[in-house]
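From just these sequences and the hints, can you work out the full model?
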Amino acid sequence: MNYEINMENDIAIIRLYGELDHHEAEKIRTDISKTILKGKLHTIIWNLERLNFMDSSGVGLILGRMRELNAVNGQTIILNPSNTMKKIFQFSGLSKYVMEGKEEEAILYARGIVNG
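Numbering (the working numbering), first residue to last: 1 to 116.
Keep in mind that the hints are not guaranteed to be accurate.
To be verified - Computed Cβ-Cβ distance ranges for the label pairs, DEER-style: (1) L108 / D55: 28 to 36 Å; (2) A71 / S92: 17 to 25 Å; (3) H23 / L108: 16 to 24 Å; (4) I113 / H22: 32 to 40 Å; (5) N73 / F53: 26 to 34 Å; (6) N2 / G112: 28 to 36 Å; (7) L63 / E19: 13 to 21 Å.
Since the hints were derived computationally from the structure, they do not count as laboratory data.
Since the model is a prediction, treat every value here as computed from it, not as a measurement.
Ideal placement from N, C-alpha and C gives every residue a C-beta, glycine not left out.
Here it is, written out as C-alpha coordinates:
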(Lines of atoms letter the chains of each structure in order from A; the text may use other names.)
(Lines give C-alpha, C1' and ligand atoms only; values in the text may rest on other atoms or scores of the structure.)
Protein backbone atom coordinates (compact mmCIF):
# COMPACT_ATOMS: atom_id res chain seq x y z
CA MET A 1 0.00 0.00 0.00
CA ASN A 2 1.29 3.40 -0.97
CA TYR A 3 -0.22 6.79 -0.44
CA GLU A 4 0.46 10.42 -1.24
CA ILE A 5 -0.73 13.51 0.58
CA ASN A 6 -0.59 16.68 -1.49
CA MET A 7 -1.63 20.06 -0.14
CA GLU A 8 -3.43 22.56 -2.35
CA ASN A 9 -3.68 25.55 0.01
CA ASP A 10 -6.31 24.44 2.56
CA ILE A 11 -7.20 21.23 0.70
CA ALA A 12 -5.43 17.89 1.23
CA ILE A 13 -5.61 15.40 -1.60
CA ILE A 14 -4.92 11.90 -0.34
CA ARG A 15 -4.27 9.33 -3.05
CA LEU A 16 -4.43 5.73 -1.90
CA TYR A 17 -2.92 2.87 -3.92
CA GLY A 18 -3.21 -0.89 -3.52
CA GLU A 19 -4.78 -2.23 -0.33
CA LEU A 20 -5.67 -0.27 2.79
CA ASP A 21 -5.52 -2.27 6.01
CA HIS A 22 -5.24 -1.39 9.71
CA HIS A 23 -1.47 -0.91 9.67
CA GLU A 24 -1.49 1.47 6.71
CA ALA A 25 -4.56 3.32 8.00
CA GLU A 26 -2.64 4.10 11.20
CA LYS A 27 0.24 5.71 9.26
CA ILE A 28 -2.13 7.87 7.21
CA ARG A 29 -4.11 8.82 10.33
CA THR A 30 -0.97 10.09 12.02
CA ASP A 31 0.13 12.14 9.00
CA ILE A 32 -3.20 13.79 8.25
CA SER A 33 -4.25 14.38 11.86
CA LYS A 34 -1.12 16.47 12.44
CA THR A 35 -2.09 18.69 9.52
CA ILE A 36 -5.69 19.04 10.71
CA LEU A 37 -4.59 19.95 14.22
CA LYS A 38 -2.39 22.74 12.86
CA GLY A 39 -5.59 24.38 11.61
CA LYS A 40 -4.43 24.74 8.04
CA LEU A 41 -6.82 22.25 6.49
CA HIS A 42 -10.42 22.78 5.41
CA THR A 43 -11.08 19.90 3.00
CA ILE A 44 -9.84 16.37 2.48
CA ILE A 45 -10.29 14.75 -0.91
CA TRP A 46 -9.76 11.00 -0.66
CA ASN A 47 -8.87 9.82 -4.18
CA LEU A 48 -9.60 6.08 -4.16
CA GLU A 49 -9.31 5.57 -7.91
CA ARG A 50 -6.33 3.21 -7.54
CA LEU A 51 -7.34 1.59 -4.27
CA ASN A 52 -8.08 -2.11 -4.78
CA PHE A 53 -9.17 -3.10 -1.28
CA MET A 54 -10.22 -1.40 1.94
CA ASP A 55 -11.36 -3.03 5.16
CA SER A 56 -13.31 -1.45 8.02
CA SER A 57 -10.21 0.38 9.23
CA GLY A 58 -10.34 2.42 6.02
CA VAL A 59 -13.89 3.50 6.76
CA GLY A 60 -12.78 4.32 10.31
CA LEU A 61 -9.88 6.36 8.95
CA ILE A 62 -12.19 8.47 6.81
CA LEU A 63 -14.83 8.85 9.53
CA GLY A 64 -12.25 9.88 12.11
CA ARG A 65 -10.79 12.58 9.89
CA MET A 66 -14.32 13.79 9.12
CA ARG A 67 -14.91 14.27 12.84
CA GLU A 68 -11.67 16.19 13.19
CA LEU A 69 -12.59 18.39 10.23
CA ASN A 70 -16.06 19.05 11.67
CA ALA A 71 -14.37 20.94 14.48
CA VAL A 72 -13.16 23.49 11.92
CA ASN A 73 -16.27 23.32 9.70
CA GLY A 74 -14.30 21.31 7.16
CA GLN A 75 -15.55 18.94 4.52
CA THR A 76 -14.74 15.55 3.04
CA ILE A 77 -14.97 14.28 -0.53
CA ILE A 78 -14.53 10.60 -1.37
CA LEU A 79 -13.44 10.53 -5.00
CA ASN A 80 -13.79 7.62 -7.43
CA PRO A 81 -14.29 4.61 -5.15
CA SER A 82 -14.83 1.20 -6.75
CA ASN A 83 -18.37 -0.19 -6.93
CA THR A 84 -17.66 -2.45 -3.95
CA MET A 85 -16.41 0.50 -1.91
CA LYS A 86 -19.47 2.53 -2.91
CA LYS A 87 -21.61 -0.16 -1.27
CA ILE A 88 -19.51 0.01 1.88
CA PHE A 89 -19.90 3.80 1.98
CA GLN A 90 -23.63 3.46 1.40
CA PHE A 91 -24.01 1.06 4.34
CA SER A 92 -21.86 3.26 6.57
CA GLY A 93 -23.83 6.44 5.74
CA LEU A 94 -21.02 8.07 3.78
CA SER A 95 -22.49 7.84 0.28
CA LYS A 96 -23.42 11.54 0.25
CA TYR A 97 -19.69 12.35 0.31
CA VAL A 98 -18.89 10.20 -2.74
CA MET A 99 -18.08 11.96 -6.00
CA GLU A 100 -17.00 10.74 -9.44
CA GLY A 101 -14.64 12.83 -11.53
CA LYS A 102 -11.22 14.41 -11.65
CA GLU A 103 -9.34 15.89 -8.72
CA GLU A 104 -9.58 19.34 -10.31
CA GLU A 105 -13.39 19.07 -10.35
CA ALA A 106 -13.42 18.00 -6.70
CA ILE A 107 -11.22 20.97 -5.76
CA LEU A 108 -13.57 23.38 -7.55
CA TYR A 109 -16.56 21.73 -5.86
CA ALA A 110 -14.88 22.04 -2.46
CA ARG A 111 -14.33 25.74 -3.10
CA GLY A 112 -17.99 26.21 -4.06
CA ILE A 113 -17.38 26.58 -7.78
CA VAL A 114 -19.90 24.20 -9.32
CA ASN A 115 -19.93 25.13 -13.02
CA GLY A 116 -16.35 26.35 -13.46
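Hint by hint, here is what the structure shows:
no. : hint                   : in the structure
1   : L108 / D55: 28 to 36 Å : holds (31 Å)
2   : A71 / S92: 17 to 25 Å  : holds (21 Å)
3   : H23 / L108: 16 to 24 Å : violated (34 Å)
4   : I113 / H22: 32 to 40 Å : holds (37 Å)
5   : N73 / F53: 26 to 34 Å  : holds (32 Å)
6   : N2 / G112: 28 to 36 Å  : holds (31 Å)
7   : L63 / E19: 13 to 21 Å  : holds (19 Å)
When held up to the earlier numbered hints, the structure conflicts with hint 3 and nothing else.
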